[in-house]
Amino acid sequence: TQLLEQSPQFLSIQEGENLTVYCNSSSVFSSLQWYRQEPGEGPVLLVTVVTGGEVKKLKRLTFQFGDARKDSSLHITAAQPGDTGLYLCAGLQGGGADGLTFGKGTHLIIQP
Amino acid sequence: DTAVSQTPKYLVTQMGNDKSIKCEQNLGHDTMYWYKQDSKKFLKIMFSYNNKELIINETVPNRFSPKSPDKAHLNLHINSLELGDSAVYFCASSQDSVPGGTDTQYFGPGTRLTVL
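So the protein lines, in turn, are chains V and R.
Counted from 1, the first sequence has number 40 at position 40 by our numbering; the numbering is strictly sequential.
Counted from 1, the second sequence has number 16 at position 16 by our numbering; the numbering is strictly sequential.
Simulated from the structure, these hints should not be mistaken for lab results.
Even for Gly, the Cβ is constructed at its ideal location relative to N, Cα and C.
Among the hints, erroneous ones may be present.
Here are a few chain V residues that face chain R, going by a calculated C-beta distance under 8 Å [what the hints assert, rightly or not]:
| no. | residue |
| --- | --- |
| 1 | S31 |
| 2 | G42 |
| 3 | T48 |
| 4 | G105 |
Stretch by stretch, here's where chain V covers chain R in the computed footprint (C-beta under 8 Å, at least three residues) [to be verified]:
| no. | region |
| --- | --- |
| 5 | 12-26 |
| 6 | 40-49 |
Chain V with its partners taken away, still in its complex shape (with noise of 0.2 Å):
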C-alpha cells in the first residue's frame, strides 16, 4: 500500500509558467518534508510542515500542510529551468521509528 501519493508524476512546462504538485494520503502525519533530487545525486531537504495548515515559503515556492496533516501541496510561481527536477514528498508517522515514508514523486522539467 502506498501511503503517500504524489501528482503529477510527470510534469513538463514552459519557463515563466506556475505550477503545483500535490502529495495526497488517507493517513496523518506528524510531519511532512519536501525533498528535491537531481540526478546521480541524494534527495536534498527542502522544507518540513509541522502544523496543520502551515504555509512556508521559499523564494518562489509555496508549501502549504493540510489542516489535517493528511495532505501537502508545492507551488512554484514563474518556473525557471533550475527548477528541473524530482520532488519528492516524504512523511512521518507518530514516533517515526519506522524512518520517512516516501511518496513516488514528480519529474518536473522546465523549458526554456
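Mind docking chain R on chain V? Use the hints.
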C-alpha cells in the same frame, strides 16, 4: 567537505556474490539510515540505526545487514545478491537521538548497484 559520503558510487557484480557499501558522515549525527531507490525512483527505508537502537523494515530480506564500526559509519552488507537487488542505495544521517525523528536527514550521493 562532503557531509555524507558513500563508496563505491557504482557497483556491478554477479548474482550470488557478497558485497558491501560503505557510508560515512562527518556531521556528528547520532542516527544513520539506509534507503533503497528502485528503477521508478521510489525511495524506501531499509534501516534506521543509532548506537542504542536498530530498526529494520520488515520487508528487507535478512541477506541485508547494517554494520556500524563507530558512530560516523554505517556500512551495508549484502549476501547472496539477487537480480532484484539492483537499485540505487542511499545512506542518510540526522541529528535525532532516536531513529525517525523530525530532524533534517542528509543524504549521500547514492551507490548504483547492478546485479548481473
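Verification of the supplied hints:
The beta carbon of V/S31 is positioned within 8 Å of a beta carbon in chain R (closest approach about 5 Å), and the interface hint is therefore held. Taken as an interface hint, V/G42 checks out: its beta carbon lies about 3 Å from the nearest beta carbon of chain R, inside 8 Å. Interface hint status for V/T48: upheld, as the beta-carbon distance to the closest one in chain R is roughly 7 Å, under 8 Å. The beta carbon of V/G105 comes within 5 Å of a beta carbon in chain R, closer than 8 Å, and the hint placing it at the interface holds.
Beta-carbon proximity to chain V at under 8 Å applies to 0 residues in the region 12-26 of chain R; the threshold of 3 is not reached and the given coverage is violated. Only residues whose beta carbon comes within less than 8 Å of a beta carbon in chain V count, and the region 40-49 of chain R has 7; three or more means the coverage holds.
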